[in-house]
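Asks: Fit chains B, C, D, E, F, G and H to the known structure of chain A by using the hints.
Chain by chain, the residues run as shown.
There are 8 protein chains.
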Amino acid sequence: MEQHANGEISSEEALGQIRLLSCRTLGDMAKLDTKRMDRIGIPEAILAEGKDKDDLAEIAMAHLEETGSVIITRISAEQLGVLNDIKLPEGCILSHNPRARTVVLRTAERAVGRGRVGILSAGTADIPAAEEAKVVASEMGCQVISEYDVGVAGIHRLFPCLEKMMDVDAMVVAAGREGTLPAVVAGIVDAPVIGLPVSSGYGVGGNGVAALMSMLQSCSVLTVVNIDAGFTAGAFAAKIAMRKPI
Amino acid sequence: MEQHANGEISSEEALGQIRLLSCRTLGDMAKLDTKRMDRIGIPEAILAEGKDKDDLAEIAMAHLEETGSVIITRISAEQLGVLNDIKLPEGCILSHNPRARTVVLRTAERAVGRGRVGILSAGTADIPAAEEAKVVASEMGCQVISEYDVGVAGIHRLFPCLEKMMDVDAMVVAAGREGTLPAVVAGIVDAPVIGLPVSSGYGVGGNGVAALMSMLQSCSVLTVVNIDAGFTAGAFAAKIAMRKPI
Amino acid sequence: MEQHANGEISSEEALGQIRLLSCRTLGDMAKLDTKRMDRIGIPEAILAEGKDKDDLAEIAMAHLEETGSVIITRISAEQLGVLNDIKLPEGCILSHNPRARTVVLRTAERAVGRGRVGILSAGTADIPAAEEAKVVASEMGCQVISEYDVGVAGIHRLFPCLEKMMDVDAMVVAAGREGTLPAVVAGIVDAPVIGLPVSSGYGVGGNGVAALMSMLQSCSVLTVVNIDAGFTAGAFAAKIAMRKPI
Amino acid sequence: MEQHANGEISSEEALGQIRLLSCRTLGDMAKLDTKRMDRIGIPEAILAEGKDKDDLAEIAMAHLEETGSVIITRISAEQLGVLNDIKLPEGCILSHNPRARTVVLRTAERAVGRGRVGILSAGTADIPAAEEAKVVASEMGCQVISEYDVGVAGIHRLFPCLEKMMDVDAMVVAAGREGTLPAVVAGIVDAPVIGLPVSSGYGVGGNGVAALMSMLQSCSVLTVVNIDAGFTAGAFAAKIAMRKPI
Amino acid sequence: MEQHANGEISSEEALGQIRLLSCRTLGDMAKLDTKRMDRIGIPEAILAEGKDKDDLAEIAMAHLEETGSVIITRISAEQLGVLNDIKLPEGCILSHNPRARTVVLRTAERAVGRGRVGILSAGTADIPAAEEAKVVASEMGCQVISEYDVGVAGIHRLFPCLEKMMDVDAMVVAAGREGTLPAVVAGIVDAPVIGLPVSSGYGVGGNGVAALMSMLQSCSVLTVVNIDAGFTAGAFAAKIAMRKPI
Amino acid sequence: MEQHANGEISSEEALGQIRLLSCRTLGDMAKLDTKRMDRIGIPEAILAEGKDKDDLAEIAMAHLEETGSVIITRISAEQLGVLNDIKLPEGCILSHNPRARTVVLRTAERAVGRGRVGILSAGTADIPAAEEAKVVASEMGCQVISEYDVGVAGIHRLFPCLEKMMDVDAMVVAAGREGTLPAVVAGIVDAPVIGLPVSSGYGVGGNGVAALMSMLQSCSVLTVVNIDAGFTAGAFAAKIAMRKPI
Amino acid sequence: MEQHANGEISSEEALGQIRLLSCRTLGDMAKLDTKRMDRIGIPEAILAEGKDKDDLAEIAMAHLEETGSVIITRISAEQLGVLNDIKLPEGCILSHNPRARTVVLRTAERAVGRGRVGILSAGTADIPAAEEAKVVASEMGCQVISEYDVGVAGIHRLFPCLEKMMDVDAMVVAAGREGTLPAVVAGIVDAPVIGLPVSSGYGVGGNGVAALMSMLQSCSVLTVVNIDAGFTAGAFAAKIAMRKPI
Amino acid sequence: MEQHANGEISSEEALGQIRLLSCRTLGDMAKLDTKRMDRIGIPEAILAEGKDKDDLAEIAMAHLEETGSVIITRISAEQLGVLNDIKLPEGCILSHNPRARTVVLRTAERAVGRGRVGILSAGTADIPAAEEAKVVASEMGCQVISEYDVGVAGIHRLFPCLEKMMDVDAMVVAAGREGTLPAVVAGIVDAPVIGLPVSSGYGVGGNGVAALMSMLQSCSVLTVVNIDAGFTAGAFAAKIAMRKPI
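Residue numbers (the numbering used here), protein chains in the order written: chain A, 20 to 265; chain B, 20 to 265; chain C, 20 to 265; chain D, 20 to 265; chain E, 20 to 265; chain F, 20 to 265; chain G, 20 to 265; chain H, 20 to 265.
Okay, chain A solo, but in the shape it has when bound:
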């Protein structure tokens, strides 16, 4: 890259980074980022919460047509009903995970599996967020090993579960209330650990706030996502796992 004598840099080259970028406009409602998978390796996903059920279906179909698959998160029963009623494209498979509240639509082949992701949850209430992470990591082609309800109130439940995850490439650890499990796990295992706080608990620090703060304060080395952000945690873990050469 050319660098001017006075330290200035031209930015003609900046175009290189964004030349692949394109989008598809749906009325005055949405501009689909259809090359995201190529650019940054994250599949298309739609947050269903707060969207009109017909708008949701229209956006989902457009994504499906463009890229061959789409993940819908936090889908309601009513929104699911619309998807079940519309005519899907030839060969399209709809997979609904009720605990994760996700739907995956897919016409293309799923990516060839690469890398392994481990997912733990501290309690029963943390399972929906953990399952959301599992869905996206699986869609990104990773093998996922999961164990639920292994929190620190009875820490002996943890060790046998960790044994099954000795060789994972990345771990997602979901925990609500006090949010302790990720720090304990990150002090034991070698794989990078992503803390996923969950909106459980009442009173001060409830709804996942104490869990998030506790993970941010962890003496162990871990990174965190926002409360209930299972999609982000799963996608990030899969990005790490997928870096492993096949």
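One or more hints might be untrue.
To be verified - So the derived label-pair ranges between C-beta atoms look like this:
1. Ser95(E) to Asp73(B): 54 to 64 Å
2. Gln162(B) to Glu97(E): 57 to 67 Å
3. Lys183(E) to Arg129(F): 34 to 44 Å
4. Ala127(H) to Asp186(A): 25 to 35 Å
5. Met48(H) to Thr126(B): 27 to 37 Å
6. Asn103(D) to Lys183(G): 34 to 44 Å
7. Ser95(E) to Thr126(F): 33 to 43 Å
8. Asp186(B) to Gln162(C): 24 to 34 Å
9. Lys183(E) to Asp57(F): 53 to 63 Å
10. Cys111(B) to Gly46(E): 53 to 63 Å
11. Thr126(B) to Met48(D): 50 to 60 Å
The set of hints was computed from the structure by calculation and includes no laboratory data. Fair warning: this is a prediction, and the values are worked out from it, not measured in the lab. C-beta atoms are modelled at their ideal positions from N, C-alpha and C, and glycine is treated no differently.
Replies: For chains B, C, D, E, F, G and H alone, coordinates are given in the frame of chain A:
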């Protein structure tokens, strides 16, 4: 107690509870609650922080004269200097614990030892609060066993320490940052566990806030005191331990 | 315990602490900590809130089978309906406390009564949390004495109630809004006092926040649990009371 | 007042309210509200904190000249030094209250005494705010009765103090940390009670936050001012007391 | 009062203050503070919100029987239905104010009118809180003058309203959102002003939080109550107004 | 303006500013500020949220009669139903924008168009707030250019949209969640940029809080309105645009 | 711009917007955005706070060399000392405003004056922020009219000041504590009003928090900047004012 | 692993995970986790802040002796002085990075380089946190490419920098104030992006709070660490990079 036909109760008897109560007035500055030890079993203590150094000395001497001992917490170097310079009563012993930032003045015999209190700290930064708890529990006549720097980032350090505390009557567990240790311990030991959050850590949840919230959200059964409230934690643990018959 | 010359300690002995630990796996939903009572003296309890009504019943039955009793807290009418409809094991007794929103299922004998717990509430709105504490302390074998609606706005109501609790081993004091009562009581009585803030009140400091903060700031010696955490407060008080030799 | 047929009102009369209003401009620094005492019965006061020491002196002298007296709050040692050094007008009296951190300058006669104000503080740390309230209420011509260090941790200290205040027209009750005292007092006495939270206490709810919240949540009828706002509390109490006919 | 040579004070006299105190016990649900009106001049009031509709009716009837009147605040349609259906005592009048969401039950004569209270609201949304204040002040025997929707966005609306309130003894000024009106009014009028923040507004500072904070920060002299605490504001204003000799 | 020798200023002239001010009183419910448009250039608007549907209609009709138009924001389906059912004045046009949740009633001509306003939204969830801004700016006579769903997660979508807005006089940029878009735009374009945070997103910083804070912290020069305050953002942008001479 | 048949847009044109952009690199410390003035009309400014005094001088000199002027905000005495000591370029003028804590260095001519900006402050403590706004607006070529200490506690002081600002193009209104003044002004004047909250006040809502929230909640139409962000407020006002054709 | 017929699992195997664990006890001050590098791949690090300077040196020497290297973060000038004065072991190299406020002591060879980490900072104030990340990633054997001051206020500076980091294995993006940069970068690059919020900015959302919240709310896929937690961000990035086979 008499109960009126219409459900009313007279409160003449209410005086019974408060007849022991008396206080000593120091100018227009303080009213000393000199019978607290008799009434609720907690020794006299003065929070030095924010007090004029001469006022502090005057109040301390008055307490000492009334009850034979006094605990001063969060004492500064300057305040300590005044205490070191004044003429103490005959037979008075001054004990300074620099890590706890406490001074104990005592002319009377210390209470006969009863009960055992265990004190753990998660990190090095938690030692001052833990030591403050230790000072007060010791003053109340308990035997104190303490182990420091046994946090969950390397949880293997915890088990040998717990072994030494198998038969304590109550435990104080001090922890800053993520504040995880009390919940782990309360899931393992039989003695009542008091969580003592410590004002360490920076960023969101720092200064003990995440630690306190995490302890409040604990799935394990424990109670908490405020951040850095070593005196309260130690006194409460000692109250439990002292209930054991001699 | 062996201690290496260089200060290192082996952790072979650590196994001692956790050898009793075992759990029972229910599908990929829950891992029951079935030896908790033996280990730390706290009975099995299930937070019903947020659980599917059939999952709740399944987990409850498994706990009942393992340990002979189970406490269910924050149960909804619908969840209660399922429990009322299923066939309980031979000799099982179902006790529903509507104010506490608890159900206790029991086939085994309740523990022999040891220790006395006093429970006060400041207002009418605090009764549910106080009753939850009462249920668990009773289940743990304690004798419970309770008095409700004795808050400081008319402080004369307090003294006759305290007289009835002169010889308790521990007290739970529930209070919402300004949360003042625990501090007043802890300044009068000899037994350890546990503050139980309650989610009443509106505006700034409402939903129990002012009550919790006020208790944390108390000049009197007391420990606290989170807002509405009646189970924790009652179990902790019972742990103290049960230490009394029979 | 004229009212238009269509419900409109002219606002010509609005001028009546503000005709008395005038101010004196000091450079581009301040516009003195010199008729405040006539308009709303509150004397001139200057918050010294954050002001340049020479600007402070200039503003104080201008107020003194206009109205015959001025109250300066939160004055620093350095600012006091300037005031002590300048030449005061003939007959001017400077009264410094070190605990309240106030200075009163006065050339005019103080108002004829009307009404009685009672001031209580819960602890020693609350005395500065309580004294600030006392200074302003005294300047407004009220008789002030004060008692300090009568907090609820030893509630028996309260009753004898209240006896001395049986006939006050208004009360200011200062309290830090848990801020309980105003609610207790307002449940006992007949006079209007103003809660004055004080910035003591550390940890969650510290610096007066729990005290303020607790007072706002009080079941008793009381109003509050902001943390450490002794001036406002004292002036408000005096306004009530001064309504009593002479 | 006797004062011991060593500064101790006996507390025998403390009984004087509380001898009038009595209460009536309703099952294990409530302890009615039936002499509150005599003691502190505030009438009986019941917060309906969160109470069972039959419990509410029972408590209301008991208060009515004891004292001849009772105020119920924040009553729901369903709770009102129960009160409308039960047989009221001979001569009892039920007054329902739907905007204030209050019901007053009364068999005794209302107190002889003394004093005048002015009530302003900044916006339409502030009327319910203002009306609650009006109901209680009226019940306490005050004459109430009210004007609504006079906020600072069109400040010219304020002046004619203030003219009507020239001779009130105390003012309640209700305001939501930015909560500006009380400070403006307190800078103009001579009567003590009580700020009543209202839970309107969305976004940061919404639900009355900005209004409360703004009133606490006011440069003008005013005191505040919690958000939506119309009862407290009205009762406090009436306490001031009632001090005027008849 | 006359200025007194001693620096005092009379305020007789102050009347000049407020002489135009008048209002229309609707019962004891509202005081309409009917000359607002003349005074400050902002049209009449009514926040429907929280208002009784019949009161809303009455206030709207009164505004319409006074000024020839009125904007109603955050209208519910039920409130809309009442407006659709009542008989509108001769020549009145009702325009309902369902995405913006606004209704405009108009009998007068709309102002002659002056100035251009650009409106961007970062995501689909931000469209309602953006549309509310669009409605008010259009009603104030501006030409509005809008583009939606151009957020930074795929920043390439932004540039073509900006090209269409090269010559606008002011921009409103709506963004929820991380709220990044306004800062990016304000670093690129010459027109004044108003950040409009939107209540999307869950977890810590959700409901628009992170968006608002992020905009307040922006290194770029922009001003902000509260979360979801589309009316304010649109009206402010239009005020800027309308300053352009015709 | 080309638009693909399927709604996709190429982003080749996106380069147009950023072709002017260039920067100058100073070691590994800073990348100067030297064309900002051309691009968005805001002059170069450096926040001195937190910068090493020598780094600050180096960055300032580089900006000065590139663009002919630079504004330094929040400069400390020590940093100012360095600037005073270094050799400035030929013809460079250094203007220090101690109340604003700014330094302006200038070798080029200042822009030709266009537009008028009015600046008000509510209190004396708000002057530094107001002066910072004044410095930047003046540097951008605007005529600035300012009046300080005109807050609502004595609202009569406001009207004469507003008269002097009848024809300004934009107003900045600075206020701390309750932050009321901007809403009052925006309800009176025609020019766009920017609220500038100031970090004064103590207790809850102190340090400008209540002021900011109150401005965000304003019923009047105004936009806000962050607490003490005088530079942003002044630059934004000047951007509006500069749009007036010369 | 053996699994009991009733679903119970023994935990004998649990010992496997923790057999490597050992620690070295330093008085009653610290328990060094000396096998952390072997266990989880993170080198020894000591947070200097808040530690006594002699204690710090003692702990550092012990770590160095055990593992051959140690990283000290947030070291003060005084603490550095002690380290400079003590006699280091034969062959020990001390590397001080003043911008990062780190010291590295090393006697062993540094790990063989594996993987590449990219580090960006948005502004000059973010450099210390970014440098702390750089130090730890370098110590863990990674090649680090860094570029500073490329924030979104002039987004054209970003693209040339990203070009230099096309093939990194993980990225750390540091940003204070609005914290926008990580989301923009994560929308462009393929490598996993870790957001590192920095404690810059004043007012609401200052000290890194807005930056952290904004990163948590990001629509792009990224994970975050706490404010200023450069060590954690760098170590986590290096853990990802080191997974690449050599």
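Asks: Each hint should be assessed against the structure and marked as holding or not.
Replies: So, going through the hints one by one against the coordinates:
| no. | hint | in the structure |
| --- | --- | --- |
| 1 | Ser95(E) to Asp73(B): 54 to 64 Å | 60 Å, holds |
| 2 | Gln162(B) to Glu97(E): 57 to 67 Å | 59 Å, holds |
| 3 | Lys183(E) to Arg129(F): 34 to 44 Å | 39 Å, holds |
| 4 | Ala127(H) to Asp186(A): 25 to 35 Å | 28 Å, holds |
| 5 | Met48(H) to Thr126(B): 27 to 37 Å | 33 Å, holds |
| 6 | Asn103(D) to Lys183(G): 34 to 44 Å | 39 Å, holds |
| 7 | Ser95(E) to Thr126(F): 33 to 43 Å | 41 Å, holds |
| 8 | Asp186(B) to Gln162(C): 24 to 34 Å | 26 Å, holds |
| 9 | Lys183(E) to Asp57(F): 53 to 63 Å | 27 Å, violated |
| 10 | Cys111(B) to Gly46(E): 53 to 63 Å | 56 Å, holds |
| 11 | Thr126(B) to Met48(D): 50 to 60 Å | 59 Å, holds |
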